[in-house]
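Modelling step: build the complete structure from the supplied sequences, incorporating the hints.
Protein chains: 2
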Amino acid sequence: VVLSATRRGLPKPKMSENGVVPRAKVLTIDTMNPTVKNVEYAVRGPIVARAVELEKELSEGMKKPFAEVIKANIGDAHAMGQQPITFFRQVLALCSYPELLNDSTFPEDAKSRARRILQSCGGNSMGSYSASQGIDSVRQDVARYIERRDGGVPCDPDDIYLTTGASDGIMTMLKLLVCGEGVTRTGVMISIPQYPLYSAALAELGAVQINYYLNEEKCWSLDISELQRALDEARHHCNPRALCIINPGNPTGQVQSRECIEDVIRFAAKEGLFLMADEVYQDNVYADGCQFHSFKKVLFEMGPEYSDTVELASFHSTSKCYMGECGFRGGYMEIINMDDEVKAQLTKLVSVRLCPPVPGQALMDLVVNPPQPGEPSYDNFIKERTATLSALAEKAKLTEQILNTVHGISCNPVQGAMYSFPRIIIPEKADKGQQPDMFYCMKMLEETGICLVPGSGFGQKDGTYHFRMTILPPRDKLQILLNKVKEFHQKFTKHYS
Amino acid sequence: VVLSATRRGLPKPKMSENGVVPRAKVLTIDTMNPTVKNVEYAVRGPIVARAVELEKELSEGMKKPFAEVIKANIGDAHAMGQQPITFFRQVLALCSYPELLNDSTFPEDAKSRARRILQSCGGNSMGSYSASQGIDSVRQDVARYIERRDGGVPCDPDDIYLTTGASDGIMTMLKLLVCGEGVTRTGVMISIPQYPLYSAALAELGAVQINYYLNEEKCWSLDISELQRALDEARHHCNPRALCIINPGNPTGQVQSRECIEDVIRFAAKEGLFLMADEVYQDNVYADGCQFHSFKKVLFEMGPEYSDTVELASFHSTSKCYMGECGFRGGYMEIINMDDEVKAQLTKLVSVRLCPPVPGQALMDLVVNPPQPGEPSYDNFIKERTATLSALAEKAKLTEQILNTVHGISCNPVQGAMYSFPRIIIPEKADKGQQPDMFYCMKMLEETGICLVPGSGFGQKDGTYHFRMTILPPRDKLQILLNKVKEFHQKFTKHYS
Numbered sequence: 001v002v003l004s005a006t007r008r009g010l011p012k013p014k015m016s017e018n019g020v021v022p023r024a025k026v027l028t029i030d031t032m033n034p035t036v037k038n039v040e041y042a043v044r045g046p047i048v049a050r051a052v053e054l055e056k057e058l059s060e061g062m063k064k065p066f067a068e069v070i071k072a073n074i075g076d077a078h079a080m081g082q083q084p085i086t087f088f089r090q091v092l093a094l095c096s097y098p099e100l101l102n103d104s105t106f107p108e109d110a111k112s113r114a115r116r117i118l119q120s121c122g123g124n125s126m127g128s129y130s131a132s133q134g135i136d137s138v139r140q141d142v143a144r145y146i147e148r149r150d151g152g153v154p155c156d157p158d159d160i161y162l163t164t165g166a167s168d169g170i171m172t173m174l175k176l177l178v179c180g181e182g183v184t185r186t187g188v189m190i191s192i193p194q195y196p197l198y199s200a201a202l203a204e205l206g207a208v209q210i211n212y213y214l215n216e217e218k219c220w221s222l223d224i225s226e227l228q229r230a231l232d233e234a235r236h237h238c239n240p241r242a243l244c245i246i247n248p249g250n251p252t253g254q255v256q257s258r259e260c261i262e263d264v265i266r267f268a269a270k271e272g273l274f275l276m277a278d279e280v281y282q283d284n285v286y287a288d289g290c291q292f293h294s295f296k297k298v299l300f301e302m303g304p305e306y307s308d309t310v311e312l313a314s315f316h317s318t319s320k321c322y323m324g325e326c327g328f329r330g331g332y333m334e335i336i337n338m339d340d341e342v343k344a345q346l347t348k349l350v351s352v353r354l355c356p357p358v359p360g361q362a363l364m365d366l367v368v369n370p371p372q373p374g375e376p377s378y379d380n381f382i383k384e385r386t387a388t389l390s391a392l393a394e395k396a397k398l399t400e401q402i403l404n405t406v407h408g409i410s411c412n413p414v415q416g417a418m419y420s421f422p423r424i425i426i427p428e429k430a431d432k433g434q435q436p437d438m439f440y441c442m443k444m445l446e447e448t449g450i451c452l453v454p455g456s457g458f459g460q461k462d463g464t465y466h467f468r469m470t471i472l473p474p475r476d477k478l479q480i481l482l483n484k485v486k487e488f489h490q491k492f493t494k495h496y497s
Numbered sequence: 001v002v003l004s005a006t007r008r009g010l011p012k013p014k015m016s017e018n019g020v021v022p023r024a025k026v027l028t029i030d031t032m033n034p035t036v037k038n039v040e041y042a043v044r045g046p047i048v049a050r051a052v053e054l055e056k057e058l059s060e061g062m063k064k065p066f067a068e069v070i071k072a073n074i075g076d077a078h079a080m081g082q083q084p085i086t087f088f089r090q091v092l093a094l095c096s097y098p099e100l101l102n103d104s105t106f107p108e109d110a111k112s113r114a115r116r117i118l119q120s121c122g123g124n125s126m127g128s129y130s131a132s133q134g135i136d137s138v139r140q141d142v143a144r145y146i147e148r149r150d151g152g153v154p155c156d157p158d159d160i161y162l163t164t165g166a167s168d169g170i171m172t173m174l175k176l177l178v179c180g181e182g183v184t185r186t187g188v189m190i191s192i193p194q195y196p197l198y199s200a201a202l203a204e205l206g207a208v209q210i211n212y213y214l215n216e217e218k219c220w221s222l223d224i225s226e227l228q229r230a231l232d233e234a235r236h237h238c239n240p241r242a243l244c245i246i247n248p249g250n251p252t253g254q255v256q257s258r259e260c261i262e263d264v265i266r267f268a269a270k271e272g273l274f275l276m277a278d279e280v281y282q283d284n285v286y287a288d289g290c291q292f293h294s295f296k297k298v299l300f301e302m303g304p305e306y307s308d309t310v311e312l313a314s315f316h317s318t319s320k321c322y323m324g325e326c327g328f329r330g331g332y333m334e335i336i337n338m339d340d341e342v343k344a345q346l347t348k349l350v351s352v353r354l355c356p357p358v359p360g361q362a363l364m365d366l367v368v369n370p371p372q373p374g375e376p377s378y379d380n381f382i383k384e385r386t387a388t389l390s391a392l393a394e395k396a397k398l399t400e401q402i403l404n405t406v407h408g409i410s411c412n413p414v415q416g417a418m419y420s421f422p423r424i425i426i427p428e429k430a431d432k433g434q435q436p437d438m439f440y441c442m443k444m445l446e447e448t449g450i451c452l453v454p455g456s457g458f459g460q461k462d463g464t465y466h467f468r469m470t471i472l473p474p475r476d477k478l479q480i481l482l483n484k485v486k487e488f489h490q491k492f493t494k495h496y497s
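Chains as they are written, first to last, in UniProt numbering: chain A, 1 to 497; chain B, 1 to 497.
Possibly wrong hints are sitting among the right ones.
Identical copies look the same in the list; a pair holds intra-copy or inter-copy alike.
[Claimed, not checked] Derived lysine-lysine pairs resembling DSSO-like cross-links, with alpha carbons at most 30 Å apart: (1) K25 to K343; (2) K111 to K461; (3) K175 to K348; (4) K111 to K37; (5) K443 to K477; (6) K484 to K494; (7) K270 to K56; (8) K348 to K37; (9) K348 to K491.
FYI, nobody ran anything at the bench for these hints, they're computed from the structure.
Structure, rendered in structure tokens:
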């Protein structure tokens, strides 16, 4: 042991009192993977850890200035009281326990959907491994969904990979792209503010993060000139190879215009960048005049000069939209124009993990193939979906309205997704050594029980401060929460001015 | 584009006939992540790809010398006709569609289990994210299970991390361990033969694989002198930091003796190695006189000199044993003596992926907390579990017996796990440029429809050949399959002699 510690350049272990040399740990903070140390993920960072502690303290009867902790830090719809879609859960129950196929209380369309899923499973059981790329019939349903969504642009099921949530697909694609050292090391362009999965994945992979800033003054829009600036600067120190876009935006809630998407595709083509389109909020569009345009559709409508050449991966998930089924970890990615040899490598790589969770695959199948007009579950499905989406639209507006009444808070319209990302003015006296927005959010948590994520966890322009807040709590609760934020902000500003 | 291609040292793209410069792909086999290219995973390699093709050809009516493809390549119990445990699936159905809690046909113990799981989920829904380390109550149940299994050795729920199958946990632990460059690069000791997740993970992480050979002559036992040899040689070119053990063995089916485990622990302590114990087959022990001993239990019974210092991660899964629920991707790892700062880093790292699939967590909970005596589902649970495990024990014996009747095949007893890994003699004339055992298995697939994995996918001593075959097909089918293997081997040997 002494020998091996010396080999690694560690200090010699000391004798303990009884003369026994205590063994040094094999794995310490100094000898662990350095890229893992660089990973940060604010959505579940120190604020959330403290929120969990506070919940425990409350449950143990400790007195606090609030009765409950409200976690508005993460897009976790069911945890905020959103109800699952009945049809989806009926089919999942049928697939889990096929005896229920004999139960007359289940609707026929749920049963036929369950039978079809089970027939695609080895031994008719969700307990079997699926193909690593995902169940064939599910990938076919995904392809047909994409064709419908994109007005008939063709989609090949062979281009679909089912994933363990969207995060898994994004991580896998980034993994393929990373190579080189020093100035040839792969660089990946991500928006600032960004969803911190991207920065975390790049840190873990040791890739170079290239920041392009969204324009807060223009409702968090994406300017091509800013892409160009970021790219040109990055070319001096790394090899930029990919451009990541989140649309609708997380944490910023903007919905990209068709023109903007065209410009981005032209830019990627001109500069030789692999496009990654994170489109998990594709059903979450609320603002008048806004519409979701998939990168795939726009790409194909730009003609073969682009549609035959630009490499694109687009990601979707069961976790967001109107279903909010985060716990099932369902998702897919569509891969366009990928080199055949690389695609074979991708298939090999995902095979090591065997397969994505089959219940998540089943759920993804239901999302892309929901009840159709004339089927017994159709009306109720539409009713439930509409109720959830209209409630979200209403809460998006409410959030913007109330936050903008507060002096020192300014909030862009929440056009889509599930978050507001308002700018907050923090008095200079509140600059206490730690990040001022972290200090602000921690104070808010301790005083009000509201758990938000500081803007620094997503990235923001130097000298500006923000927080991310989900719009998911039920309307009444959200209103109370927003008023508490208002009150807290006023008190905080007064105290530190 | 020309510029960026040149920057990467690629050949200049050519003009096409219409004068347009076709865009080069951003991502090619030459410009992708080189570590991914080094990954190999035989369990789902070219043989399996061909098996899937053959199934398709059969279904399209093409004539073959066999009526069906039998996939004995992967431990996929339900796909081979094993039935799920009724109680588990009832609880999963109840958790998926809680309306069923009002259904009087479900037993009360299934309902109370479902209620307990749902109460631990945000918003009482499996659709919520769980804590990244896993649901608290499930981790508590896992800890109590480990304590019962290990005769009262204490287990702290804080040391339990729920995972997406065991593969996910193993990959995560290896990721923490990798650092250094050149002769200081992390080396990890794995058995040969091994389960190829290990070699694939090490290739992807760019760690050094250190092979130690199991002793086929002594029923695939592990000799400490061989560990020492492998370690001493490896120290010249890398920094060995971890030792992986699979017990019961995959693909080799041996069950380690208590003495052997003690020796391994002493060796790891002496040499400063982090122990990783893959114990996913802990209920799959068939041979008389064999018994499963967990590394955790043995470690703690060796006294504080070891139990206070040796770092150990042990892995379990819902995919094997008597339940065989692979598709749900459930699993856990227990971490012993890990440095606190490293543990905090581990928790941060897993938080980036948000959480393991919640249905898999629920299933893991049922595995560690099955029906108890006196509960309504107890008798049926025991009946189902016993039936599966005794059938496996019988098939383990049958496999060994029939294979050993074949001249040129010798098979160690299948003491545990789900595979036989017989040695096969391949005539020199069958050495056709590709790996002889790959050639043998591909021939067998084309002629008999039986899908096995060549020994080269797991590693074997130079000049020896093997295949891995699961013992999972139903008894009748297994007997037919074994007789076909026998017939094929005789024909093949005759043909190439």
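Comparing the hints with the structure gives:
1. K25 to K343: Answer is between: at 13 Å across copies they meet the 30 Å cutoff, but 41 Å inside does not.
2. K111 to K461: neither (52 Å within a copy, 52 Å between copies)
3. K175 to K348: This pair counts as both: shortest intra-copy Cα distance 13 Å, inter-copy 19 Å.
4. K111 to K37: neither (48 Å within a copy, 43 Å between copies)
5. K443 to K477: within (20 Å within a copy, 66 Å between copies)
6. K484 to K494: This pair counts as within: shortest intra-copy Cα distance 15 Å, inter-copy 84 Å.
7. K270 to K56: Answer is neither; intra-copy 54 Å and inter-copy 42 Å both fail.
8. K348 to K37: Both, since 28 Å and 9 Å are each at most 30 Å.
9. K348 to K491: Neither: 56 Å inside a chain and 33 Å across chains, both beyond 30 Å.
Violated hints, in rising order: 2, 4, 7, 9; the structure is consistent with all others.
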